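Colleague: These are the residues of each chain, in order.
4 protein chains.
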Amino acid sequence: MRRPTAAVFVLALAAAGWAAGPGPSPARQAAPPAGTILASIDARTDAYAAVAKQIWDHPELGFQEEHSSALLQSTLTAAGFTVTKGVAGMPTAFTATYGSGAPVVAIIGEFDALPGMSQAAGVSERLALTADAPGHGCGHNLLGTASAAAAIATKEWLARAGRPGTVRYYGTPAEEGGGGKVYMVLAGLFADVDAVLGWHPSDQNSADASSTLANIGATFRFVGTASHAAAAPDKGRSALDGLEAFNYMLNLMREHVPQDTRIHYVVKKGGVASNIVPDLAEGEYQARHPDMRVLQGIWERILKAAEGAALGTGTRVEHHVTMSYWNVLPNETLAAVQHRNLTKVGGVIYSADEQAFAEKLRATLISPGPALGSQAAVQPLRSGLVGAASTDLGDISWNVPTVELDAATFVPGVPAHSWQAVACAGSSIGIKGMIVAAKAMALTAADLYSDTTLIDAAKEELHRRRGGAAFTYTTLAPPKPPLDYRR
Amino acid sequence: MRRPTAAVFVLALAAAGWAAGPGPSPARQAAPPAGTILASIDARTDAYAAVAKQIWDHPELGFQEEHSSALLQSTLTAAGFTVTKGVAGMPTAFTATYGSGAPVVAIIGEFDALPGMSQAAGVSERLALTADAPGHGCGHNLLGTASAAAAIATKEWLARAGRPGTVRYYGTPAEEGGGGKVYMVLAGLFADVDAVLGWHPSDQNSADASSTLANIGATFRFVGTASHAAAAPDKGRSALDGLEAFNYMLNLMREHVPQDTRIHYVVKKGGVASNIVPDLAEGEYQARHPDMRVLQGIWERILKAAEGAALGTGTRVEHHVTMSYWNVLPNETLAAVQHRNLTKVGGVIYSADEQAFAEKLRATLISPGPALGSQAAVQPLRSGLVGAASTDLGDISWNVPTVELDAATFVPGVPAHSWQAVACAGSSIGIKGMIVAAKAMALTAADLYSDTTLIDAAKEELHRRRGGAAFTYTTLAPPKPPLDYRR
Amino acid sequence: MRRPTAAVFVLALAAAGWAAGPGPSPARQAAPPAGTILASIDARTDAYAAVAKQIWDHPELGFQEEHSSALLQSTLTAAGFTVTKGVAGMPTAFTATYGSGAPVVAIIGEFDALPGMSQAAGVSERLALTADAPGHGCGHNLLGTASAAAAIATKEWLARAGRPGTVRYYGTPAEEGGGGKVYMVLAGLFADVDAVLGWHPSDQNSADASSTLANIGATFRFVGTASHAAAAPDKGRSALDGLEAFNYMLNLMREHVPQDTRIHYVVKKGGVASNIVPDLAEGEYQARHPDMRVLQGIWERILKAAEGAALGTGTRVEHHVTMSYWNVLPNETLAAVQHRNLTKVGGVIYSADEQAFAEKLRATLISPGPALGSQAAVQPLRSGLVGAASTDLGDISWNVPTVELDAATFVPGVPAHSWQAVACAGSSIGIKGMIVAAKAMALTAADLYSDTTLIDAAKEELHRRRGGAAFTYTTLAPPKPPLDYRR
Amino acid sequence: MRRPTAAVFVLALAAAGWAAGPGPSPARQAAPPAGTILASIDARTDAYAAVAKQIWDHPELGFQEEHSSALLQSTLTAAGFTVTKGVAGMPTAFTATYGSGAPVVAIIGEFDALPGMSQAAGVSERLALTADAPGHGCGHNLLGTASAAAAIATKEWLARAGRPGTVRYYGTPAEEGGGGKVYMVLAGLFADVDAVLGWHPSDQNSADASSTLANIGATFRFVGTASHAAAAPDKGRSALDGLEAFNYMLNLMREHVPQDTRIHYVVKKGGVASNIVPDLAEGEYQARHPDMRVLQGIWERILKAAEGAALGTGTRVEHHVTMSYWNVLPNETLAAVQHRNLTKVGGVIYSADEQAFAEKLRATLISPGPALGSQAAVQPLRSGLVGAASTDLGDISWNVPTVELDAATFVPGVPAHSWQAVACAGSSIGIKGMIVAAKAMALTAADLYSDTTLIDAAKEELHRRRGGAAFTYTTLAPPKPPLDYRR
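Residue numbers (the working numbering), protein chains in the order written: chain A, 1 to 487; chain B, 1 to 487; chain C, 1 to 487; chain D, 1 to 487.
Heads up, a few of these hints could be off.
To be verified - Under the rule of at most 25 angstroms between Cα atoms (straight-line distance), these lysine-lysine pairs were calculated in the DSS-like manner:
{"hint": "1", "chain 1": "B", "residue 1": "344", "chain 2": "B", "residue 2": "304"}
{"hint": "2", "chain 1": "B", "residue 1": "269", "chain 2": "C", "residue 2": "459"}
{"hint": "3", "chain 1": "B", "residue 1": "235", "chain 2": "C", "residue 2": "304"}
{"hint": "4", "chain 1": "D", "residue 1": "85", "chain 2": "A", "residue 2": "269"}
{"hint": "5", "chain 1": "D", "residue 1": "459", "chain 2": "D", "residue 2": "85"}
{"hint": "6", "chain 1": "B", "residue 1": "304", "chain 2": "A", "residue 2": "304"}
{"hint": "7", "chain 1": "A", "residue 1": "235", "chain 2": "D", "residue 2": "480"}
{"hint": "8", "chain 1": "A", "residue 1": "304", "chain 2": "B", "residue 2": "235"}
{"hint": "9", "chain 1": "D", "residue 1": "235", "chain 2": "A", "residue 2": "268"}
{"hint": "10", "chain 1": "A", "residue 1": "235", "chain 2": "B", "residue 2": "269"}
{"hint": "11", "chain 1": "D", "residue 1": "360", "chain 2": "C", "residue 2": "235"}
{"hint": "12", "chain 1": "B", "residue 1": "268", "chain 2": "C", "residue 2": "480"}
{"hint": "13", "chain 1": "D", "residue 1": "269", "chain 2": "A", "residue 2": "269"}
{"hint": "14", "chain 1": "C", "residue 1": "480", "chain 2": "B", "residue 2": "269"}
{"hint": "15", "chain 1": "A", "residue 1": "268", "chain 2": "D", "residue 2": "269"}
{"hint": "16", "chain 1": "B", "residue 1": "268", "chain 2": "C", "residue 2": "235"}
{"hint": "17", "chain 1": "C", "residue 1": "304", "chain 2": "D", "residue 2": "85"}
{"hint": "18", "chain 1": "A", "residue 1": "268", "chain 2": "D", "residue 2": "268"}
{"hint": "19", "chain 1": "D", "residue 1": "304", "chain 2": "D", "residue 2": "269"}
{"hint": "20", "chain 1": "C", "residue 1": "459", "chain 2": "B", "residue 2": "268"}
{"hint": "21", "chain 1": "D", "residue 1": "480", "chain 2": "C", "residue 2": "304"}
Unchecked claim - Computed spacing ranges between beta-carbons, pair by pair:
{"hint": "22", "chain 1": "D", "residue 1": "235", "chain 2": "A", "residue 2": "371", "range": "16 to 26 angstroms"}
{"hint": "23", "chain 1": "C", "residue 1": "366", "chain 2": "B", "residue 2": "318", "range": "21 to 31 angstroms"}
{"hint": "24", "chain 1": "B", "residue 1": "474", "chain 2": "A", "residue 2": "318", "range": "28 to 38 angstroms"}
{"hint": "25", "chain 1": "C", "residue 1": "472", "chain 2": "A", "residue 2": "297", "range": "25 to 35 angstroms"}
Just so you know, the hints here were simulated from the structure itself, not pulled from any lab data.
Everything numeric in this text was worked out from a predicted model, so none of it was measured.
C-beta atoms are modelled at their ideal positions from N, C-alpha and C, and glycine is treated no differently.
All chains should be modelled from the sequences, with the hints used to inform the complete structure.
Modeller: As structure tokens, this is what we get:
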């Protein structure tokens, strides 16, 4: 872990002046026009860019985002938010609240980095800044910052409008595996929330009523009895046998689960030396499906396969769930509003330099799907899509109406979790996409305060999609946050 | 089942004259010389040959040996034995007893045939008498008859000697899978027996203190849930998956059992049509080991593998033990006596015709091991050998001191369960080997009555080999005789 | 095989009068109205019902449909068609042609039954007419007859219209596995055809641009080396090992094929006795995918898995393809026309008796999906659907623009290949559905002759869907029709 | 690697005086009595103990035994041997020769240590001197030194006897895996040798005509195609699938190899992260059998299983043989001589302190087999035994008559490769066992020079056991010594 530099404090001081920003009117008045929101964000683009760049410069892994979290907290505090930190048992989790009463609109921030993805910004070749160090391959430096910008602009609009209502920023750690949001949900931190706005860095601009795959991950460890493999193999019980029998039954199971299920695994420990019957074998396993409720049923069967393998090979098995993310429950009501606002904001326009960089970067991709230029457009509104990714935003979405948008922070064709994504997330292209996201979210928040029938409709849709009153949110996640999962 | 012909009755009448045979002396006297035993058997060779031929002509499968059993009963009754039939819940099982008091010497007879082995006698090519019909591929037509001859000669000697003692013939059905002897042991029919003499048709003459493999066989049936394999495979649970997972774990287990274990299986039912997820799958399994007590431990693990496979594949499993044969516990004390007597009797001398037939028959074998001519010799006494075969004589041998000899009823190189064996068992070569066996057993019985310290020593050896008083005979065999196992 | 009764000849005589039927006008004139088509079919409903009933009464398996084929041939001959029989090397395949020149419209007939499906007609319980005998569980008795009715009505319209054009009935045997149409395609019998009309009995009325799954089926046979499983397992090479290793790799492969692929198998031969290492093992395998071109690639991998399994287990493998059906390539151009005409004809109206029967029959179903009454409606036009079934109509559809419709010959909820389907196919309900199909097809044929731009558009669509000029039709089907596949 | 201390040089200086030792007579004379051999070794016990302790103090892994090798070289040079170092392409391999002409008797020395076995000497608890550092768990510090002592005593005897003949010490590195002897054989270094004497530290004294298991070890690496396991598993080809299919077929193969075969493996690389289809998987495999010629046939089948697995899973496989050790071919002729001399020398007599240490050490063993006190005896001569271990002495034994003895350097019950063995090998107990071995080997060498008919008989036995003139020595070992196998 590197130490934050003095720059953190400089930024925080700069941010301290924001509360006086473009100036909210103290008196009640008709809802201020959207233009003031856009102007508020435009006016502070450089400051937001500096925040995003600092986080990018100091990438921190899940649950270890001390300085990234602190920087966003100070930014929001400086803008007039009240921060509660260390919530839900996670030192780097926090909420930042402004206003009071309903409606309560939540805006979600993330800020964790990925291991081994260190990469120089704005260059079109693989070049690690620090070998094996983390990097922002998923653009969460932009994610957390844009959401803060959206929250601040919303706060100003709310103040200017003189309406009741609360805007709350959620600083959610460890999206890349630790599942910070799950614990914030379990801690009841979303109990009073009416709608949730999130976004994610992408190579296009879109606001769909789309979903993700629910995802359960675990480590399975088989324990056997060691013996000399040549002299006394009959005295041994191979833990690797247990693991391989488990894998075999998982592969048989593939035929007998819904076809959009995914089961995948790797073997992490498979014995020490070939002349010793292994007494320990361990693998990492994941199962995914578009519906967590279906997935939980499949997971029960996976556990039985593990038990059956242990029983049949004279070994013992234990498993530790490391991740449990619900699929995102789409909300067409909110998606329609978000899409309208994203269209209003528009896409990302490249400068000549950015265009040149984008072209070079695309030359490093094997088959860049979307055409260059598509970053300037907003995709049509779609529904029914299910992405192959998984996110702990899913857990929120089954408790509160949630909408997510994508903004083109990456050059078209650049996938998340690539060095190219890191290079974009640290460049002006990333900043431009981040600003698009901030504006679209703030406009949507304003719409929700202005017309609370939207919230009613969104809640009604959530109720319906969950299958009515019978729904109960449950999770297989470990009871306490796995704070050391990246150690 | 074919009906016995009138010949059966003719033979029985002929046998009726036997009780007056070479004439026992009513008065007590010194033990008669062995020569009288040999003479007794020689004098009736033709009658015994006729019995063996009738059984060969009417081969009957295990537990269906009505006429074979009846013929042996009538032969023994005619010779003065008292027959009890239908013992131990098996219609074709019987005992035939002569004399009273200790020592009680048992002589074991078998008479079941093998399915599909119909073959013409004395011809050197594959030629079924009746397609797919049974045949005496294991020479049990000779086995049951030689043992009867030995019992009769023993009875005459005993009568002549005027000694106390009992000779008892055991008519044991279904050696080829049903395990008649197991049920006779369980019924307590060997409770008063001091020593057991058995023999088996072979291609050599020997009397070793050798053993066999303990053997447990079972049917495992997996039950799943059928569904359309293209339209709804996720609704199905494949019984074949269960079976294949079981097999997989058995194959893993091979590394972790003693190396002289055997596990083998076939798949008998593996689904009906490829577009239906199979709801039924079934296999036949056997496990063997030189020591039943070790094998029972391995069997426990096999059952767990089956349960584990069912658990892991969402299926259900049931199993039915079809066979449980203990390994033969050798007795060196008895083997030494038997070997001495076999050596006294000598091997089988071929006529010119028999020699010509033997040469032709050997030409049909891929690699006939022992040399032609070796049937005339007696092999040296060996101990410590373990044959790959299995027999329900094993179950007797753990309860009473038991010795078995081999006699050369088959041309050297001819293996049991071959058409060549059927051809020999129905020819004069088979009869000659049968007479060797009868003589050697009767001589040994006489020795045991004459010197009961041999029995004491044999019992002491049994006690020691079983591991002392702690031994308890147990069996995994089905509680009742599987009378329909060949139906 | 049962002999057809005299009724066949009676029917044929009756049919002889048809050529003079409702009377075509000798002179050229404007296209006759659709009403004449409907009237033509209505007028002969009883005769068609009699044909369908005769075929139902004499169900014949694939490639053995001697009398069913002969009856349809005589019906068409009597109506003025020229029949060529025994085409493409299949004794029961035929074509029946009327007219000359383009456009050539093909109408497809099928007439094979399913094994073991014998069932009384019009009764609401399982009741086989002849135990284990075939039955029309797929309603092909109706299929072949309705298509003949459509061809005859089309011929009359064509004659009356005085237009150039050809209508050709294809008598296609062995749809249930033998793939008669594949061989008719390979023989070039569709070379001059402009459009193909087919239909299938169903429990609803619809004409969608839907598809089916391409399907390749084969027998894989592994050959090893037998040996005694206890005495010399190291001398054996288990064919069952080969099969199980093949299955193992297929199950691994499931993860690495497109998720809408299906691979399913059963084990038909897995060894004879557990004490013999199996030298023969055999299974039936199928693979399916919505696109035959993708499936052929997957099939290549399946063959490699088989080879790899043989290589790795010291066995040998051979396979015999038993079925290769392309997915149906939908044609939206033709589907739109067909749907319009089906809507014009309307659904099936039950009498009170039929309603009562339908209710009783539905009571035997576990969960009848569509509501009773839905048989009276026509479903909206859909596209993009892929059914889980497979048909050799697929092979035609990649060579000529093809459209298929469903007509409600079965009570709503009754699945094909059920005894309930047999019961419907032999009852008045089946006949009513058949008439709906006949009318809709004939109307569509008339439209195609009347407006040949439809054919041009359909061909253009076919060209586009096939991927342009580069497409070449290939098949993995056996080179000659497997005429004995049901023997 | 640690640097040798000054002690090395001190020892070498001391050794320099040895050549003048007990004094060989320059003139020819009758063979000197065995007593002079024993006296020669007794006289230098302290010096040999110092050499053994130095090597123990500086344990070096295979092919890295720079200082151990140098110390033995200087010891032999000082004693009048001519050293050739760096032979057969291995820097730490050497020969040390004295005398000329036939017979040539080779004495084998080893000196490599085992990884991770660092342990304090003479203490009865686990106590590493340096964590994770190597240690002499196989007692090779004693092995190399005793052989040097035997060679020196032999040289003196030879000089005193005035006979022609050569004694040659072979400094053979990397017995624990690298197979130094294999390369010395391949380099022809044993071409002129008439007999080979070896020994090994043990917990008993014995000289049997026993054998070991031939052993082939290899790394198998499967290479597949990576892809995102949730988004595009069909684009991936899992290398782990390849590895698991290979393992599956190996487990099937267990039934079909001779029962005394061993196949064992561990998985070393089984994928990086569960959401990526693994493109690399790697395992370590070993196969063993009492006869290398049988094993080479099995190895061919193992290679085919790997190829089959790759073929069937769309992956690629490569393998690298890391070890190929022939089974030791026993020589009863030499074993009889060696056993006689070992008996003459007698076993190891413990002092009171040693006895106390031995008792404490045995208390740390779970079930110490042989009784304390058995180290003082010499075991009876046995033949036909096959140990479960493997050694590259096997490769020599198929080229030259070879005999090996065991001496009780370890407390009875202490197994090789245990910390207890390290503790013994560094203590006075180890030294005493070493002296027993040195004496017995030197006596045997003297016998061979004295009676060359023994060598003729040993060669004749080798010829016969190899199967006559047809035998050709081949090896699957890598063509060049794997000098970096422990790096």
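Colleague: Each hint: holds or not?
Modeller: Status of the hints after comparison with the structure:
no. : hint                                : result
1   : 344/B <-> 304/B                     : violated (52 angstroms)
2   : 269/B <-> 459/C                     : violated (49 angstroms)
3   : 235/B <-> 304/C                     : violated (29 angstroms)
4   : 85/D <-> 269/A                      : violated (41 angstroms)
5   : 459/D <-> 85/D                      : violated (28 angstroms)
6   : 304/B <-> 304/A                     : holds (14 angstroms)
7   : 235/A <-> 480/D                     : violated (37 angstroms)
8   : 304/A <-> 235/B                     : holds (17 angstroms)
9   : 235/D <-> 268/A                     : holds (23 angstroms)
10  : 235/A <-> 269/B                     : violated (34 angstroms)
11  : 360/D <-> 235/C                     : violated (50 angstroms)
12  : 268/B <-> 480/C                     : violated (32 angstroms)
13  : 269/D <-> 269/A                     : holds (8 angstroms)
14  : 480/C <-> 269/B                     : violated (31 angstroms)
15  : 268/A <-> 269/D                     : holds (7 angstroms)
16  : 268/B <-> 235/C                     : holds (23 angstroms)
17  : 304/C <-> 85/D                      : violated (52 angstroms)
18  : 268/A <-> 268/D                     : holds (8 angstroms)
19  : 304/D <-> 269/D                     : holds (21 angstroms)
20  : 459/C <-> 268/B                     : violated (51 angstroms)
21  : 480/D <-> 304/C                     : violated (35 angstroms)
22  : 235/D <-> 371/A: 16 to 26 angstroms : holds (22 angstroms)
23  : 366/C <-> 318/B: 21 to 31 angstroms : holds (26 angstroms)
24  : 474/B <-> 318/A: 28 to 38 angstroms : holds (35 angstroms)
25  : 472/C <-> 297/A: 25 to 35 angstroms : violated (45 angstroms)
Violated hints for the displayed structure, listed by number in ascending order: 1, 2, 3, 4, 5, 7, 10, 11, 12, 14, 17, 20, 21, 25.
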